[in-house]
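Take -8 as the starting number for the sequence shown in the working numbering and just add one per residue.
Simulated from the structure, these hints should not be mistaken for laboratory data. Each hint should be verified, as a subset may be incorrect.
Unchecked claim - Straight-line C-alpha distance at most 25 Å; calculated SDA-like pairs for lysine to any residue:
(1) Lys(-6) x Pro53
(2) Lys80 x Ala70
(3) Lys(-5) x Gly10
(4) Lys(-5) x Ala93
(5) Lys(-5) x Arg102
(6) Lys(-6) x Ile98
(7) Lys(-5) x Thr92
(8) Lys(-5) x Ala70
Stated by the list, open to error - Now the in silico label distances, taken between C-beta atoms and shown as ranges:
(9) Val64 x Leu42: 30 to 36 Å
(10) Pro107 x Thr23: 16 to 22 Å
(11) Arg102 x Thr23: 38 to 44 Å
(12) Ile91 x Ile35: 20 to 26 Å
(13) Ile17 x Met77: 33 to 39 Å
(14) Ala87 x Leu2: 18 to 24 Å
Beta carbons: idealized from backbone N, C-alpha and C, even for Gly.
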Amino acid sequence: MFKKFVQLTALFNFPIAIGIIIPALINPQADTLIITVVLGAFLILMGAALLWAVSDINTRAPIIVWGGLVRIVGFTAVAYAGSLGMAPKAFVVIAAMDLITAFIYIIGSIRVSGLPFNALLLGRSH
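Please build the complete structure, drawing on both the sequences and the hints.
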C-alpha cells in the first residue's frame, strides 16, 4: 500500500510540472520564467527519483524521506505566505495535503525499512 501511494503521488509530479512549465514558456515573464522552469524540472526529477526509490524501498527509503522533507518545506513556505495574505486559499489547502503526504512518506519509510528517522535522514539503508 505504501509503495502504491508513493508511486501515485510521484506520478502526479509530471502533469503538475508540465502544467507550470508550458504556460511559462508560452507567455514568458522576465521575473518568473527561470524559476518556474527550474521548479518544473525539479518536480519531474523528484517524481522520477521517487519512482526509482520505490523499486527497492529498503535500500532507497532515504530518498522518499527527503522527498517528504521537501514537501514540509513547501508547506512551511505556503503557510508563511498565507499568513501574510500572499497565498490563495487553494494553495494552502494543497500545501496541507502535501504536509499529510510528507508525514506518510516519512512514517512509511521508517516502517517499511525498519530504520530510525535519523539513519534515513543521513542516507543510511540496509
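Going down the list of hints, with the structure as the test:
1. About 14 Å separates the Cα atoms of lysine -6 and proline 53, which keeps this hinted pair within 25 Å; it holds.
2. For the suggested pair lysine 80 and alanine 70, the alpha carbons sit about 10 Å apart, so the restraint of at most 25 Å is met.
3. With a CA separation close to 23 Å, the supplied pair lysine -5 and glycine 10 stays within the 25 Å bound.
4. Among the hinted pairs, lysine -5 with alanine 93 is consistent with the structure: their alpha-carbon atoms are about 15 Å apart, no more than 25 Å.
5. At most 25 Å may separate the alpha-carbon atoms for a hinted pair to count; lysine -5 and arginine 102 meet this at roughly 15 Å.
6. Among the hinted pairs, lysine -6 with isoleucine 98 is consistent with the structure: their alpha-carbon atoms are about 13 Å apart, no more than 25 Å.
7. About 13 Å separates the Cα atoms of lysine -5 and threonine 92, which keeps this hinted pair within 25 Å; it holds.
8. Note on lysine -5 and alanine 70: the hinted pairing is violated, with a Cα-Cα distance of about 28 Å set against a maximum of 25 Å.
9. The hinted window of 30 to 36 Å between valine 64 and leucine 42 is violated, with their beta carbons roughly 21 Å apart.
10. At about 40 Å, the CB distance of proline 107 to threonine 23 disagrees with the hint of 16 to 22 Å.
11. The hinted window of 38 to 44 Å between arginine 102 and threonine 23 holds, with their beta carbons roughly 39 Å apart.
12. Range check, isoleucine 91 to isoleucine 35: Cβ separation about 22 Å, and the 20 to 26 Å hint holds.
13. At roughly 25 Å, the beta-carbon separation of isoleucine 17 and methionine 77 lies outside the given 33 to 39 Å, and the hint is violated.
14. Distance hint check for alanine 87 and leucine 2: the Cβ-Cβ separation is about 21 Å, which falls inside the suggested range of 18 to 24 Å.
Against the hints set out earlier in the document, violations occur for numbers 8, 9, 10, 13.
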